[in-house]
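Trainee: Each chain, letter by letter, is given below.
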Amino acid sequence: MLDRSFFAVLYRESQRAVRDAETARDLVQETFIKIWQRCATFHGDSELLPWIRTILRHAIVDRLRRHEREVPLERDGTMSPEVERRVASLAAQAAPPEDVLDRRQLNECFRRCWERFASACPTQATVMAWIVEDGLSNEEVSVLLGRTPGATREFISQCRKRARTYLAEWHAMAFGARG
Amino acid sequence: MTQDDDRIWLEALAGRSGGDRSPVAREAEALRAGILARVVVDDPPVDAVDAAREDELIERAARVGLLPRLRRDARGVWWTPWRGALAAAALGGLVVAIGLVTRPAVEPQPVLRAPAGVVRLEADDPLRLQRQILSELRDLGVPATGYERLDRRGVDADLPQPIPADVRSVLARHGIPLPDDSVLRVEIAAKAAP
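As given, the protein sequences belong to chains A and B, one line each in that order. Take the first sequence: its letters are residues 1 to 179, numbered as in the numbering used here. Take the second sequence: its letters are residues 1 to 194, numbered as in the numbering used here.
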């Protein structure tokens, strides 16, 4: 019943994060086992799915960290200070994307850039998607990652820098038409 | 990039820019829109019921000691049917122990669109319907949040544009009309006693 009720939704989340069907399936089953072991700690004062999802997300973060080769930011194709200034300047002049470019073209560019970002920095991309989907705060991300709030702020800063680097093409397309 | 910029960026990425029109907030809002638009595209089809998958889970549970080890060779072929029954009972018991059993049936409910763009539904069990709508939308990659206000249960969701067919189908199944924009707001109240 657990599998039939929740496998699909958890598998999709897992698959989006780890981008591999077998690993995603393994993570969901690992999550079911943990739920089984921890069901006594669920007091019913929150909804079941978010509780289960949190357990899955911990497992995803652990798995991504185990397989992630940390790339130092300075050797990670980070934008030069000049590009950084240019992007900031473009953003300041920005018009809403729908006013300046065909939305489909922009979405396609985003998708392409995001794929590269998610391949290179899976933990950062996954956590950013969770922040968007569930409106996570710094404290909630901190709990999810098992880091101190200070270390989490550093992680968020790293997410922002790396996203800017990998999404530079999309950024220029979205914000650059008036530049 | 200052710490303050990072904080503004995080808040805007989470959908809490609060009208901040700074470049950092706008950048994060655009990023948020891109991520939301992307989410629904890549989801693979998944079978709700998969006997091989369930067997695998049962084996795994047995390996960590959550179920008794079942040895077909030692017990003979007669044991095989019991294996599935035992596991099914254990899995069912777990959900009952947690206290929540999801029921897939959609209960019919009257619908009324309120003037403020909020769709109001009535249901015998508002909590169950709220969970079901949330689950079905999230299953399709639509970011949806649930809330409780006074005696009503609510669902807020950012629908991708254009609204995909499978999302339309979920809304139609629950009798929810398409919103005028990408923001879906549903409130579910208990049906009045006859």
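FYI, nobody ran anything at the bench for these hints, they're computed from the structure. What you are looking at is a predicted structure, and each value in this text was computed from that prediction instead of being measured. For each residue, glycine too, the CB sits at the ideal point set by N, CA and C. Fair warning: there could be bad hints in the mix.
Here are some, though not all, of the chain B residues that point toward chain A, as calculated from beta-carbon distances under 8 Å [said to hold, decoys possible]:
(1) A14
(2) S17
(3) A30
(4) A52
(5) D55
(6) R128
(7) R131
(8) S135
(9) L178
(10) P179
(11) V183
(12) R185
Trainee: It remains to establish, for every hint, whether it holds in the given structure.
Mentor: Hint check results:
no.: 1; hint: A14; verdict: 4 Å, holds
no.: 2; hint: S17; verdict: 12 Å, violated
no.: 3; hint: A30; verdict: 5 Å, holds
no.: 4; hint: A52; verdict: 11 Å, violated
no.: 5; hint: D55; verdict: 10 Å, violated
no.: 6; hint: R128; verdict: 11 Å, violated
no.: 7; hint: R131; verdict: 7 Å, holds
no.: 8; hint: S135; verdict: 6 Å, holds
no.: 9; hint: L178; verdict: 19 Å, violated
no.: 10; hint: P179; verdict: 18 Å, violated
no.: 11; hint: V183; verdict: 14 Å, violated
no.: 12; hint: R185; verdict: 16 Å, violated
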